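Engineer: Residue-level listing of the chains:
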Amino acid sequence: LAKTTQPISMDSYEGQEVNITCSHNNIATNDYITWYQQFPSQGPRFIIQGYKTKVTNEVASLFIPADRKSSTLSLPRVSLSDTAVYYCLVGGAGRRALTFGSGTRLQVQP
Amino acid sequence: KAGVTQTPRYLIKTRGQQVTLSCSPISGHRSVSWYQQTPGQGLQFLFEYFSETQRNKGNFPGRFSGRQFSNSRSEMNVSTLELGDSALYLCASSLLGTGGTDTQYFGPGTRLTVL
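Protein chains in written order, with my numbering: chain A, 1 to 110; chain B, 111 to 225.
If you are wondering where the hints come from, they were derived from the structure by calculation, not from laboratory data.
If you're wondering where the values come from, they're calculated on a predicted model, not measured in any experiment.
Treat the hints loosely; a few may be bogus.
Take a look, some chain B residues computed to stay more than 10 Å from chain A by CB distance [to be verified]:
(1) Val114
(2) Leu121
(3) Gly172
(4) Glu185
(5) Leu198
(6) Leu205
(7) Thr223
If we take Cβ atoms under 7 Å as the criterion, some of the chain B residues that face chain A in the derived model are [said to hold, decoys possible]:
(8) Gly152
(9) Leu153
(10) Thr213
(11) Phe216
(12) Gly217
(13) Gly219
(14) Leu222
All C-beta atoms, glycine included, are put in the ideal place defined by N, C-alpha and C.
Chain B extracted, bound-state conformation (with noise of 0.2 Å):
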């Protein structure tokens, strides 16, 4: 089974540019989360969607945004980009999402650099 994939791997912009980034999730898994890694704060939860809706948010600004498509694929969208944004942004997919036992498992990552 394919493992979680995210596009593009790699990622350059300039401040105030917009960015979206792609992941889609190992197939049969229907929770899509959504995470940013820097050195300075680690590990943070940006957002999770199931079927569609966002069930879950990390405390981050409006700029950052998110979907997920009927095939549970997802996007996420960072506007007005900032120089901390620059990142690795990773997503993680899991069969529902509940804990527990619900394994997450971990896309390679979109390392984003703003300029």
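Here chain A stands alone, though its shape is the one from the complex (with noise of 0.2 Å):
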């Protein structure tokens, strides 16, 4: 399985826009790479999922570079409510068992 790196914590203001960036070198070419977001005490909960380039959905976008080594989630104009740790995954098909590495901790202040 990719092992991802993503910055341990971020901190923002309430009205700006978040990006995330997650590392995944080793990615394979069937993965796809998804984004989950948790808060204390709760299951994970799915953001984005994607494979290449760019994808945009009611919350949030993700942007994948050509070489998918990378990848930058964008969180717009983030409000109190989305302090919370996000989780950058890779698997591809046939890849059943996640990993979850150790995530981003973002925290939103006033």
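Dock chain one against chain two, each of which comes alone in its own frame, and use the hints as you go.
Structural biologist: And the structure:
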């Protein structure tokens, strides 16, 4: 399974855009990149998934460069409720076990 | 569509006891995976079940076991509980468990405290 590296923590203020980058140098050809959000004492919540270029949904955007060795989760105009831990995972068809890294603890301040 | 449900939500046991946790996946999902989350070790994969068969297993001792029923509901059991088993146990379901775009959806977890 591809190992991922993320910053341990980030701080931001309400209304700002937050970009969290994940490094995954040994990503395989059929691997997808998935991001989860987790609040304390709750299960991780799926945010977004992508394979290449850019994916956008109602809550976030995911940017993946051509070499796919990294990806960036972009949260537009964060609010206090976005304070959580964000996990980047890489896996493809047949790789059924999810390996979670340490995640990035995002703290949004007023 | 209802999400993944886990029961009980909270549990307190003493060392040496055993415990059984239950997970009901999203309707139509056939793959159920279990994870343990602790402050020190983070989120760790325990095992995955598909069509009542264990397909994948993490690096946990044999005291941790599980099973899946024909309706895809799953249970995990921990025997001879140790203090270090105190954790949030998470269940996740997906349609086929094939990875890729087959996204896993997590339940709220069961908080187990071993005294």
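Engineer: What hint numbers does the structure not satisfy?
Structural biologist: The structure conflicts with hints 1, 5, 14, although it agrees with all the remaining ones.
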